[in-house]
Amino acid sequence: MILFSCRVWASPGHVLDGVETFTLPNGMTFLLLSRPGAPVFSAYLRVKVGGVDEADGKTGIAHLLEHMAFKGSSQIGTRNFSEEKILLEKIETLQQRLRQASLQERVGLERQLQTLMREASRYVVKEEFSKIYQRNGATGLNATTSQDLTSYFVTLPSNKLALWAYLESQRLQDPVFREFYSERDVVMEERRMRVHDSPFGTLYEAFFAMAMPGSPYHRPTIGYEQDIRALTATDLRQFYNRYYVPGNMVVSLVGNFDLQQAKDLIIQYFGSLPAGPLPSPPQVQEVPELAPPPVVVSYDAQPAMVFGFPKPTLPHPDDYVFDVLDEVLCDGRTSRLYKTLVEEKKLVLGISCSAASPGSRLPNMFFIYAPLTPGHSAEEVLQAFDQEMEKIRKHGVSAQELQQAKKKLLAQWYYDLQGNEPLSESISYFQSIAGDWKYILTHPRYIEEVDNADLKRVVEKYLKPSRRRVGILQSNKTPQRI
Amino acid sequence: MFSSFALLLAILLVGWMLSNLRLAWCGFSVVVLLLASVPGRAESSLEKLRSLENVAAPSLVLPPMVRTRLNNGMRLFFLRQVDYPVVQGVLYWPGGQIYDPENRVGLAQLTAALLRVGGTQSHSPEAFNEALASLGAEIQSSADRDYGVVSFRCLQEDFPRVLTLLAEMLRDPRWDQAQFDLLKQQSIEAVRREQDDPGALALREFPGLVYGSESPWGRRPTVASLQAIQLEDVRRYYEQYYRPSRMILGLSADLSTEQLTKVLENRLGSWNLPDEPLPPLSPLEKNWTGGVFLLEKNTDQSTLILGHWGEKRNNPDKYALMLLNEILGGEVMSSRLGKRIRSTLGLSYGIYSQFGFQSDYGLFFIFGQTKGVSTLRVLKEARQILKNLVAGSDLSQAELDQQKRSLLNSLFAQYEPLFNYVKEEARFALYGYPPDYLKVFEQGIRKVTLEDLRRVAKLYLRPDALQVLVVGNSRLIGALPGAKLISVEEASPSSP
Chain A
31 MILFSCRVWA
41 SPGHVLDGVE
51 TFTLPNGMTF
61 LLLSRPGAPV
71 FSAYLRVKVG
81 GVDEADGKTG
91 IAHLLEHMAF
101 KGSSQIGTRN
111 FSEEKILLEK
121 IETLQQRLRQ
131 ASLQERVGLE
141 RQLQTLMREA
151 SRYVVKEEFS
161 KIYQRNGATG
171 LNATTSQDLT
181 SYFVTLPSNK
191 LALWAYLESQ
201 RLQDPVFREF
211 YSERDVVMEE
221 RRMRVHDSPF
231 GTLYEAFFAM
241 AMPGSPYHRP
251 TIGYEQDIRA
261 LTATDLRQFY
271 NRYYVPGNMV
281 VSLVGNFDLQ
291 QAKDLIIQYF
301 GSLPAGPLPS
311 PPQVQEVPEL
321 APPPVVVSYD
331 AQPAMVFGFP
341 KPTLPHPDDY
351 VFDVLDEVLC
361 DGRTSRLYKT
371 LVEEKKLVLG
381 ISCSAASPGS
391 RLPNMFFIYA
401 PLTPGHSAEE
411 VLQAFDQEME
421 KIRKHGVSAQ
431 ELQQAKKKLL
441 AQWYYDLQGN
451 EPLSESISYF
461 QSIAGDWKYI
471 LTHPRYIEEV
481 DNADLKRVVE
491 KYLKPSRRRV
501 GILQSNKTPQ
511 RI
Chain B
1223 MFSSFALLLA
1233 ILLVGWMLSN
1243 LRLAWCGFSV
1253 VVLLLASVPG
1263 RAESSLEKLR
1273 SLENVAAPSL
1283 VLPPMVRTRL
1293 NNGMRLFFLR
1303 QVDYPVVQGV
1313 LYWPGGQIYD
1323 PENRVGLAQL
1333 TAALLRVGGT
1343 QSHSPEAFNE
1353 ALASLGAEIQ
1363 SSADRDYGVV
1373 SFRCLQEDFP
1383 RVLTLLAEML
1393 RDPRWDQAQF
1403 DLLKQQSIEA
1413 VRREQDDPGA
1423 LALREFPGLV
1433 YGSESPWGRR
1443 PTVASLQAIQ
1453 LEDVRRYYEQ
1463 YYRPSRMILG
1473 LSADLSTEQL
1483 TKVLENRLGS
1493 WNLPDEPLPP
1503 LSPLEKNWTG
1513 GVFLLEKNTD
1523 QSTLILGHWG
1533 EKRNNPDKYA
1543 LMLLNEILGG
1553 EVMSSRLGKR
1563 IRSTLGLSYG
1573 IYSQFGFQSD
1583 YGLFFIFGQT
1593 KGVSTLRVLK
1603 EARQILKNLV
1613 AGSDLSQAEL
1623 DQQKRSLLNS
1633 LFAQYEPLFN
1643 YVKEEARFAL
1653 YGYPPDYLKV
1663 FEQGIRKVTL
1673 EDLRRVAKLY
1683 LRPDALQVLV
1693 VGNSRLIGAL
1703 PGAKLISVEE
1713 ASPSSP
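From first to last, the protein sequence lines stand for chains A and B. The first sequence begins at 31 in the numbering used here and counts up by one. The second sequence begins at 1223 in the numbering used here and counts up by one.
Treat the hints with care, as some may be off.
[What the hints assert, rightly or not] Under the rule of at most 30 Å between Cα atoms (straight-line distance), these lysine-lysine pairs were calculated in the DSS-like manner: (1) A:K369 / A:K437; (2) A:K375 / B:K1609; (3) A:K436 / A:K424; (4) A:K156 / B:K1406; (5) A:K156 / B:K1669.
[Unchecked claim] Rough simulated footprint, nothing fancy, chain B against chain A, three-plus residues with beta-carbon under 8 Å: (6) 160-167; (7) 308-322; (8) 373-387; (9) 410-422.
[Said to hold, decoys possible] Residues of chain B clear of chain A, computed beta-carbon distances all greater than 12 Å: (10) A1355; (11) W1493; (12) V1612; (13) Q1625; (14) Y1682.
It is worth saying that the hints were derived from the structure and are not from the lab. For each residue, glycine too, the CB sits at the ideal point set by N, CA and C.
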């Protein structure tokens, strides 16, 4: 290992010095960072598809597809694929017939369907895909779907690099959607847990539905209940064909592995994925300047509120200013809103902000969440918030505050990039979202350039009461759901 | 954009990246076992898998761990990290919530929290926060069930200043009254708001059903117990439990051992307090009283916990029990519970089991959520899966091998990033494990046989004596035979 002095580190970026970008002829991009340390590596696979890419009436499909990507291939998860395949096709044909069936026909068709599913299940090797990963030492094996991206990730011992390439290429080029209909039920359970039975989840969904009309961000990633219920494996296949094309994917590998071996494996396993046309980006209409009336959710829970202001996303210059503003306003006990709203006025129990909700591929929002102190109202909070904005608009912030915000962002920059997993996560994320992982490298420089005039301007332009969207969670002792 | 990345850590937003619920067990080195073959499968794909799985183990070269003591008795575990300009540290000591006085439950947590935000003799709370923030440094302080913990991180160049602040905080806390009042109010509200999250509520109420709600291991902070706590209690608790000689510090930084011990002795060495033993706690006695409890809540889903006593960390059957639990429900997708209740029946998003080990008996439980109308079905399925495991006849060598390989192969990940390694070492020391515990662990796992699994399943699992807690809506659930209703009074939204 090489010994660096502190001085070298004073300019951020050395940790990312060795990142190599490797693009296959089919358009699939790989980011490779080989570094010393324990014999493990962390892989991230990002598909640029999420809630924003779904058609109306098909919400939840990206997320359900992510679940189904753990169900194996024609080689993994089956006892005999040629026989299983026939049954899976019959199930789909029947599902399509069921959609058009009359009430009398339905009973018979449902029964046939149950029989076919039981037969198909006999061919399934339960959860084999996950089991192979696990017995080979996978940690952190998981996947997520956001509004912007679908992400698959895992950390493995270095000697399992070829196994990783095989398993991931299997689920990309040859996924089999077996056990689809029970997995759809699992997702319905997930929705109950995250949205229906969660006061915050209910408020969040209602808030974005109101706040961002015209943007795909106004719909929930997990999907509406009636949409999830109606999804079929055929829908999934079409969606997969359109979005899971090599040019729409980014993979990062970070850890202790041999670079040349990695490239050879990538060519061997991912080189044969057929190139396809890049999917067209989602349509966005401009979000109206004036905010609609607040949305109020009645729920059997303690009161809380959210509010937000539409803003541009990265790499717009103002997005960096919002990063600084986020620090100044909300990050930690020295932030302005914590000091005034929590400590001094005691209107809320805590406060948290996000400078990029609910995603970053499209224009987004500066978003704030606060649980209300008993006896205080959302109006009081908004009034106090406006007073704070007025101060910044008039006087800016102190030099010390600005310096502190920048130092915290710089320290956070290092914290966020410590270790294989976070490094892999970050470079793949920004390659997908910003089009180039080097966004990370230039970020500290742009932050350094933000000054008081920027803060004043951005507060003036974006954080106006007339632009503010508000959602209120009202406590309701006799619960009634909306 | 970057800061919102950090914010993803906040529970509030993390819920919005939909993620498949899985539980990872971090655990070490490689075993090469033959794949259990699947009948009727194309031979070529099996061959392929075999060749990719049966590869030579990677070599693990560990950096030398410094294990020493400061003059005040504090134990130090240190790894030099030369390739990254961040210093990270963790400080553990035995103590925690089980030592809360009877009518002051919540004191350990309040003390830990106030230590961080209550200022020091030379810094007001605000000045202390400003000093840390101006360096972008972070210090966190909390109390768990049987230990306390302080963790911190900062840029390398700021380490001396951050260590000064940390030492001040530990040695000379100010205990600011206004911060205490605010913290108390926030804690009371947090207890009240636990009622809003059915999962949190179930996990909170369950220990009381096994240990008894008065037991130091089973009780929990209530609005009343928190309201009773005064600043003087905090001061007393601190004086009794925060002793450097009981503390274990784990740290990674780019400093030589000499440089580090010098700076640590300088800041902390003179913090010298007499070593006194912790007050004795009455040992737990297992009593097996199975029952069904319903906590009425107007939700679509029911949250279920069913379980009983776990074991102690020093039990030699620990390794067999860990493997048994992995088979039962250690992993949401591929364990017996996950395969049946999630994957085949589609009845739950997250169902898993945990077999807990503590300084005294831990807890064993199965946890899951399902739509109200499926509650009885899931309870029945879970009980049956547990009964089959205890009967033991269908436990197979292939199942055992799968879990052994999984645990052993995953141990490599323990050493990355380096701080992980030192942090785990410090935690093992807290538990009283020997210095090369990871090797002991590895051997322990390797030795477990199918016979061991069958034996421990019968010895430690009692499907006939489960405490079952359901949080949900009885109109959807239907009749829960023999269920006793329990209520959580302070959670009412109209409470002051």
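Here is what the structure says about each hint:
1. Note on K369 (chain A) and K437 (chain A): the hinted pairing holds, with a Cα-Cα distance of about 20 Å set against a maximum of 30 Å.
2. As the CA atoms of K375 (chain A) and K1609 (chain B) are separated by approximately 56 Å, the hinted pair breaks the 30 Å bound.
3. As the CA atoms of K436 (chain A) and K424 (chain A) are separated by approximately 21 Å, the hinted pair is consistent with the 30 Å bound.
4. With a CA separation close to 49 Å, the supplied pair K156 (chain A) and K1406 (chain B) exceeds the 30 Å bound.
5. Note on K156 (chain A) and K1669 (chain B): the hinted pairing holds, with a Cα-Cα distance of about 27 Å set against a maximum of 30 Å.
6. Requiring three or more residues with a Cβ within less than 8 Å of a Cβ of chain B, the coverage given for the stretch 160-167 of chain A holds, as 7 such residues are present.
7. For the stretch 308-322 of chain A, the proposed coverage by chain B is not satisfied: 0 residues have a C-beta within less than 8 Å of a C-beta in that chain, short of the threshold of three.
8. Taking a C-beta to C-beta cut-off of 8 Å, the stretch 373-387 of chain A contributes 10 residues in contact with chain B, enough for the three needed, and the coverage statement holds.
9. Counting residues of the stretch 410-422 of chain A whose beta carbon lies closer than 8 Å to any beta carbon of chain B gives 0, which falls short of the minimum of three for the stated coverage.
10. Not every Cβ of chain A is farther than 12 Å from the Cβ of A1355 (chain B); the closest lies at roughly 4 Å, contradicting the non-interface assignment.
11. For W1493 (chain B), the requirement that its beta carbon stay farther than 12 Å from each beta carbon of chain A is met, with the minimum near 25 Å.
12. Once the 12 Å rule is applied to beta carbons, V1612 (chain B) is consistent with being away from chain A; the minimum gap is 21 Å.
13. A beta-carbon of chain A is positioned within 12 Å of the beta-carbon of Q1625 (chain B); the least distance is around 8 Å.
14. Taking the minimum C-beta to C-beta distance to chain A, about 24 Å, the non-interface status of Y1682 (chain B) holds against the 12 Å cut.
Figure legend: structure checked against the earlier numbered hints; hints not met, in rising order: 2, 4, 7, 9, 10, 13.
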